[in-house]
Every structure is written in structure tokens, then in C-alpha cells.
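Asks: Could you build the full structure based on these sequences and the hints that come with them?
Here the protein sequences line up with chains A and B, keeping their order. Per my numbering, numbering through the first sequence is continuous, rising by one, with the last residue being 242. Per my numbering, numbering through the second sequence is continuous, rising by one, with the last residue being 236.
Do not rely on the hints blindly, as some may be mistaken.
Going by beta-carbon spacing under 10 Å, a handful of chain B positions derived as facing chain A [claimed, not checked]: (1) Glu7; (2) Glu94; (3) Val99; (4) Glu101.
In silico negatives: residues of chain B with every beta carbon more than 12 Å from chain A [as the list claims (entries may be wrong)]: (5) Asn37; (6) Ser53; (7) Pro81; (8) Asn204; (9) Glu207; (10) Ser213; (11) Gln222.
Don't read these hints as lab results, they were simulated from the structure. In this text, a Cβ means the ideal position worked out from N, Cα and C, and glycines have one as well.
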Amino acid sequence: MLSIYKKEFYAYLSSLVAYITIGIFLTVLGLFLWVFPDSSILDYGYAGLDSLFNTVPYLFMFLIPAITMRTLAEEKKEGTFELLATKPLTDWDIILGKYLAAITLVLFALIPTLIYYISVYQLGATVGNIDSGAVIGSYIGLFLLGASFVAIGVFSSSLTKNQIIAFAIAVFLCFITFSGFDSASQILSFQSIDSILINLGINAHYQSISRGVLDTRDLIYFLSFIAIFLVITKTILGGRKW
Amino acid sequence: MSIIVKELSKIYDKQIAVNKISFEALPGRILGFLGPNGAGKSTTMKMITGFLSANHGEIFVSDLNINSESIAVKQKIGYLPENNPLYFDMYVKEYLQFVGEIYGVQNLKNRIVEVIEATGLQKEQHKQIGQLSKGYKQRVGLAQAIIHQPEVLILDEPTSGLDPNQLIEIRNLIKELGKTKTVILSTHIMQEVEAICDDVIIINKGEIVANNSLKDLLELHQEKSLEPIFVKLTNQ
Chain A
1 MLSIYKKEFY AYLSSLVAYI TIGIFLTVLG LFLWVFPDSS ILDYGYAGLD SLFNTVPYLF
61 MFLIPAITMR TLAEEKKEGT FELLATKPLT DWDIILGKYL AAITLVLFAL IPTLIYYISV
121 YQLGATVGNI DSGAVIGSYI GLFLLGASFV AIGVFSSSLT KNQIIAFAIA VFLCFITFSG
181 FDSASQILSF QSIDSILINL GINAHYQSIS RGVLDTRDLI YFLSFIAIFL VITKTILGGR
241 KW
Chain B
1 MSIIVKELSK IYDKQIAVNK ISFEALPGRI LGFLGPNGAG KSTTMKMITG FLSANHGEIF
61 VSDLNINSES IAVKQKIGYL PENNPLYFDM YVKEYLQFVG EIYGVQNLKN RIVEVIEATG
121 LQKEQHKQIG QLSKGYKQRV GLAQAIIHQP EVLILDEPTS GLDPNQLIEI RNLIKELGKT
181 KTVILSTHIM QEVEAICDDV IIINKGEIVA NNSLKDLLEL HQEKSLEPIF VKLTNQ
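Replies: As C-alpha cells, this is what we get:
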């Protein structure tokens, strides 16, 4: 699995896709946080990174499918999947290697945002006047959110040879699982199960972790979410044999 | 070291691609798979290498069952798939390093040098695979198949796209490898079979229509070359 992980990661680094998507992600994020008056931290007046943590999930909805869309789709299209499948590698080696490489890339996209934390930290009326616990919790939540979106992305990539379709399906699923359930719970006829619906969605658990308290229920949610999508991906890959 | 195939079948919906075929490939001998397009050669090879699952039948590679011990079997096989799929943005040595690591090859750096020399890739070894001509891409495909010194080689049209000089070189390489390994190769080119194969299997429409050593087959049909035999047996 390590060989797959290394190869995938170096492939990301040597292709322009990673640099462009992360570059756009950081640029847009920077604009939202420091330039655009509606969401700018400077105009908001409070020493908090809420703007960051509210905006990034939506940026991830596009960034992560863009990163993961080629991961399995290209292998199937180019025929190189046959190479991997006939090597002494289990399907899990292949899927986890690709999954972890994509997650590492998401981490690389997130790490530069620590500068924002340091900036707000320094800019506070008293230096350090920021709820660091909540920030740590929010970063963990963001990482788990990113990991979940990557699982969706890998799954979508396994469905088709066409990267654009993989991208579209991934964006759709990320959106539905993040905010679709929240919106659905507001429909009057679902009132009796509204709390179930809300808790099926990622947003509820993301908000919960962002408060800075790591509730095991939220952790279990994210891990199960990721596991479900990866298991379905493995089943789909196994289906090639029949 | 030998490959034993028993009653192997592959059915796609209503089409029977491979119909209960049985044969054996022995070490130290090169088995040539001949057949018209769509006969089932590649499908059979994909089943032997574990890419596809058979609907019926069994495959044993060095006495290991491909279904129950697939990882162990795949470790022993070197496979060059049809159309030679490759990662075009990797460099030649980078790619061989990647494949070598998957197989757990010892002394990988030296082995890569050996393999590059054996397949004649010295001049092209620093290029990206996508920049190579077809013949050199084919050699990279062959290099990744032999890098871990497998007991078994499954080569699907290994000389496809090579120019006459390269053909001779690669055929010699395969012949050399065949002395110590079990080799199955598929091809359309009769001269190739006549030049390097010891045994011949002719497949038509998923069924075996000939299964002999090359010499016996020629004697059986009283012919000096394979082409008339091929045409006779596959023209139903």
C-alpha cells in the first residue's frame, strides 16, 4: 500500500492539478477572509476564525472532487487498473493508498491557513485573545470533513471512466451530505424525524466538533461515513471481475 | 512452475467467451496462444493473472489456486497486458522503482539497471514514459513484467508495434527467459510462433482447436508452416 501511496502522492505533486486547485482554494479563501467586506475578519471586528470555518466546507465541496476525480477513473480509462489488479496488491491496498494520498494533499491545502490563525492571534486587542480550543476543534472537524469528502470523491471516481462525471457526482454528494440533510429537515412534513435527518448530515457533526469538545458520537459518525464509502468503493472495484 | 487450466469458462451475459478449456503450460517451454481476434486469448490470460474471475473451472499456477491464494500467485506472475497500459507521466526508472517496490524486489536499484539493459532501454531511461515511441513503451511493459524475476510470464501480444530490429531483440529476450520460466504468449504472427514457441494452442470462438507441440502440430497436418493450419482450423 505504501508504494501506491507514494506513487499517487508524487503524481499529485507533479501534475498541475494539485497546484492549481490548492492555489485557487487558498486565494479564494484569502479573499473571503481578508478582503471581501461581508465575510472579512477585519471588518467583523471579533478575534475569531469563524469565517474560515464557515467558508472552507463549501470550498472543499469543489476542491476535493477536483483532486480525487482522476484517482480511479483515469486508471480504468487508461487501462492501468489492469496493471494494479494483477500485482500482489489487495483491493484495500489500492483504495487506501489512493485515499491516504488524497487526504495528505487536503492537509497540504489546510496547513497554510495556520498563518491566518497566527495573524488573528497577533491582531487581537490583547495578543492571544482567540478561543484556541474552538480553533483546534474546528481544525479537527475540518480535517474529518475533508476526509469524508475524499471518501466521497474516491467512491465517485470508481463509478465511471469519465473524470468530469466523477467530479459532478462527487460535488453533488458532498453537497447533499453536508447541507442537504439540514435543508431536508426543515420541510414541514418531515418534522417528526427532523432531528434524525439533521444528524445524518455532516454539518451537524462538524458544528458539534467545532465547539472544541470532541464528542465520540461525532467521531464515530465521521469514521463510519468514511468506512461506508470506502467499502462501497471496494465492492464496485470487485465487480470488475464479473 | 507450471500452469494448469481446467475446464475454464467465461460467460458474458449470453456470450460464451471461453468455453470449458483445459491445458497445461510447462516450465522451460514457451507456449504460443494463437487465434483470431475475439477468440478468447486475452480473456483467458486475464483469468490466469487474476484480473477477471472465471465462471467455471480452475487455474493453478505452481500448484497454487488463483482464487484462494491470489496474492501468492500474482507474486509469481509477470504480466504484459494487451495494449500495454502505462502511467505516461511517470519516468521510466520511477515506474520500474514503483513496480519493484510492489513486488518487494531485493537490491532494487541494481535490478532496475539489469532490467533496463536486458530490454535495451539505456538511451531512454531518463525520459517520461509518455515521451517514448511505441517500441520503447513496449519494452517498458516487458521490463515491468520481468523485474521481479517471476516463475511465470504471461505476455499478451508482446511484439505488437515493434520494428524488425526490435522484434528480433525482444524475441531473443523472450526465448532466453523461456529457458528457465513458464511462458505463455499470445500473437497473430505465425513467424513469431515458429521462431520462439515450443508448444502451440489455437483457440477459436472460445474453444481449443489445436493443442500440441509445434513440431507435432506441423507433422499432424503435414504442413511446413503454421498459417495454413491456422486458416484451416479457424475458418469454421
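Asks: Would you mind marking each hint as holding or not holding in the structure?
Replies: Hints and how they fare:
no.: 1; hint: Glu7; verdict: 18 Å, violated
no.: 2; hint: Glu94; verdict: 8 Å, holds
no.: 3; hint: Val99; verdict: 7 Å, holds
no.: 4; hint: Glu101; verdict: 4 Å, holds
no.: 5; hint: Asn37; verdict: 17 Å, holds
no.: 6; hint: Ser53; verdict: 4 Å, violated
no.: 7; hint: Pro81; verdict: 5 Å, violated
no.: 8; hint: Asn204; verdict: 24 Å, holds
no.: 9; hint: Glu207; verdict: 22 Å, holds
no.: 10; hint: Ser213; verdict: 28 Å, holds
no.: 11; hint: Gln222; verdict: 40 Å, holds
Violation of the numbered hints given earlier is confined to hints 1, 6, 7; the remaining hints are satisfied by the structure.
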